[in-house]
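A.B. asks: Here is what each chain is made of, one letter per residue.
Protein chains: 4
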Amino acid sequence: MLAEFSITPIGKGVSVSAYVARSMDIIDKSGLPYKAGPMGTCVEGEWDEVMALMKKCLDAIMADCERASVSIKIDYRQGKTDALTGKLKSVEEKLNREIKK
Amino acid sequence: MLAEFSITPIGKGVSVSAYVARSMDIIDKSGLPYKAGPMGTCVEGEWDEVMALMKKCLDAIMADCERASVSIKIDYRQGKTDALTGKLKSVEEKLNREIKK
Amino acid sequence: MLAEFSITPIGKGVSVSAYVARSMDIIDKSGLPYKAGPMGTCVEGEWDEVMALMKKCLDAIMADCERASVSIKIDYRQGKTDALTGKLKSVEEKLNREIKK
Amino acid sequence: MLAEFSITPIGKGVSVSAYVARSMDIIDKSGLPYKAGPMGTCVEGEWDEVMALMKKCLDAIMADCERASVSIKIDYRQGKTDALTGKLKSVEEKLNREIKK
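Protein chains in written order, with the numbering used here: chain A, 9 to 109; chain B, 9 to 109; chain C, 9 to 109; chain D, 9 to 109.
No wet-lab data here; the hints were simulated from the structure.
Here the structure is a predicted model, which is why all the values come from computation and not from measurement.
Mixed in with the good hints, there may be bad ones.
Since copy identity is lost for identical chains, a pair holds within one copy or between any two.
Simulated crosslink set (EDC-like; lysine to aspartate or glutamate; CA at most 16 Å straight-line) [said to hold, decoys possible]:
(1) Lys20 / Glu100
(2) Lys20 / Glu74
(3) Lys64 / Glu100
(4) Lys97 / Glu57
(5) Lys63 / Asp90
(6) Lys109 / Asp67
(7) Lys63 / Glu106
(8) Lys102 / Glu54
(9) Lys108 / Asp33
(10) Lys102 / Asp33
(11) Lys37 / Asp90
(12) Lys102 / Asp56
(13) Lys108 / Asp36
(14) Lys97 / Glu74
(15) Lys63 / Asp36
(16) Lys102 / Glu74
(17) Lys97 / Asp33
(18) Lys88 / Glu74
(19) Lys64 / Asp36
(20) Lys108 / Asp56
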């Protein structure tokens with residue numbers, strides 16, 4: 009499955025990039041294929057491994073945070089792999105040109 | 009934590025209420041406190057039990073479905089219980105009147 | 009169309025119900041059919057009127073707020089009305105029983 | 009503001025990349041700064057221009073589609089520009105290394 013998620017600390021001020029960095033460090037070292045975007049990070053893997061990774065990120069943020077808002081969007085598709093790059097490639101083939109990604 | 013989620017089967021036609029019913033049946037029998045809304049169902053519980061419930065719903069839908077889109081939004085707050093009813097109660101207290109819910 | 013949305017102020021502390029109340033007051037007085045839930049409010053109407061309502065809520069919150077996170081989920085369906093109550097009614101008919109809503 | 013959005017046609021089969029391509033073509037030609045990701049496209053601009061762009065994409069998809077699910081997530085921040093690249097740059101500065109994006 010392909011999942012995009014973001015964790016936003018509530019009550020830790022307006023700038024939260026230090027918290028996002030904690031989370032990104034864990035994702036980057038997880039070994040799972042990922043792609044970071046301005047509004048969330050996409051990770052590809054099985055349900056259990058992706059959810060365990062999200063929980064690890066959330067725990068790292070909640071270490072000194074009282075409240076966080078988590079947003080998750082999943083594209084669950086039987087027998088599909090490489091959705092992380094394959095989905096946009098398929099769109100570009102239809103358009104016959106590259107898009108900004 | 010409080011989580012709202014929805015599972016939408018892709019490629020099973022325009023009307024998907026039969027699939028939503030499968031999911032709702034599992035949530036209703038789970039024993040976890042919940043509140044169904046027109047765009048998703050809110051469930052309150054610990055991370056592990058809520059995620060296990062979502063996976064059970066997803067498996068029931070994927071039994072005869074090739075693709076599904078899952079949307080999850082979580083309000084994770086240390087030491088808070090009864091957010092399922094407490095959040096709107098707190099808003100109504102601020103407004104000094106009832107709202108439609 | 010049916011839209012669920014929530015606006016979360018970032019950097020205004022852990023408890024944000026005073027801000028949610030501002031938004032709810034505007035929705036309640038808008039005249040559009042709505043249903044408030046613990047994680048967001050569902051509103052039914054045409055694209056322009058629903059988007060104008062959201063912007064009005066956002067402006068009320070941004071009056072003394074530097075940053076906010078907005079989440080919107082839309083079910084856009086040709087020729088459908090009364091989705092606010094109709095969607096769950098259709099699920100209950102399939103289950104032959106009432107669910108908690 | 010920075011907005012990520014995705015439009016999923018419901019009832020048009022399992023593969024929807026032809027519809028996504030229609031939407032992407034409109035975004036690409038809009039002139040607004042954007043970045044496409046596997047789960048949605050981020051666009052930066054004022055509320056009115058971003059919402060008008062989304063509506064244009066939705067109309068293009070609804071031309072031969074009965075139902076669509078739209079997901080929008082907005083980071084609304086006073087006086088911030090270049091969030092499309094700035095947010096991840098700020099995270100990379102905190103980590104002192106590049107991440108996959």
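A.B. asks: It remains to establish, for every hint, whether it holds in the given structure.
C.D. replies: Checked hints:
In this assembly of identical chains, the alpha carbons of Lys20 and Glu100 never lie at most 16 Å apart, being 40 Å within a copy and 20 Å across copies at closest. With identical chains, the CA atoms of Lys20 and Glu74 are at most 16 Å apart both within one copy (9 Å) and between copies (13 Å). Proximity of Lys64 to Glu100 under the C-alpha cut-off of 16 Å is found in neither arrangement, the shortest distances being 34 Å within a copy and 20 Å between copies. In this homomeric assembly, Lys97 and Glu57 never come within 16 Å of each other (Cα to Cα): the closest approach is 25 Å inside a single copy and 27 Å across copies.
For a Cα distance limit of 16 Å, the shortest separation of Lys63 from Asp90 qualifies neither inside one copy, at 23 Å, nor across copies, at 22 Å. Proximity of Lys109 and Asp67 under a CA criterion of 16 Å is satisfied in neither setting, with 30 Å inside one chain copy and 23 Å between copies. For a Cα distance limit of 16 Å, the shortest separation of Lys63 from Glu106 qualifies neither inside one copy, at 35 Å, nor across copies, at 23 Å. Taking CA atoms no more than 16 Å apart as the test, Lys102 paired with Glu54 passes in neither setting, with 28 Å inside one copy and 29 Å between copies.
When the C-alpha separation of Lys108 and Asp33 is checked against a cutoff of 16 Å, the pair qualifies only between copies, where the shortest distance is 11 Å, while the shortest distance within a copy is 25 Å. Taking the closest pair of Cα atoms, Lys102 and Asp33 come within 16 Å of each other only across two copies (10 Å); inside a single copy the shortest separation is 35 Å, beyond that limit. In this assembly of identical chains, Lys37 and Asp90 lie within 16 Å of each other by CA distance neither inside one copy nor across copies; the values are 19 Å within and 28 Å between. With identical chains, the CA atoms of Lys102 and Asp56 are never at most 16 Å apart, being 33 Å at best within one copy and 29 Å at best between copies.
Taking identical chains as interchangeable, the C-alpha atoms of Lys108 and Asp36 lie at most 16 Å apart only when they sit on different chains, with a minimum of 8 Å there against 23 Å within one chain. For the homomeric pair Lys97 and Glu74, neither the shortest alpha-carbon distance inside one copy (40 Å) nor that between copies (21 Å) is at most 16 Å. Within a single copy, Lys63 and Asp36 get their C-alpha atoms as close as 15 Å, which meets the 16 Å cut-off; across copies the closest is 25 Å, which misses it. Taking identical chains as interchangeable, the C-alpha atoms of Lys102 and Glu74 are never at most 16 Å apart, the minima being 46 Å within one chain and 22 Å between chains.
For a Cα distance limit of 16 Å, the shortest separation of Lys97 from Asp33 across copies, 14 Å, qualifies, whereas the shortest one inside one copy, 27 Å, does not. In this homomeric assembly, Lys88 and Glu74 come within 16 Å of each other (Cα to Cα) only across copies, at 10 Å, whereas the closest approach inside a single copy is 38 Å. When the C-alpha separation of Lys64 and Asp36 is checked against a cutoff of 16 Å, the pair qualifies only within one copy, where the shortest distance is 12 Å, while the shortest distance between copies is 29 Å. For the identical chains of this complex, Lys108 and Asp56 are neighbours neither inside a copy (32 Å) nor across copies (22 Å), given an alpha-carbon limit of 16 Å.
Hint compliance for this structure: hints 1, 3, 4, 5, 6, 7, 8, 11, 12, 14, 16 and 20 are not met, and every other hint is.
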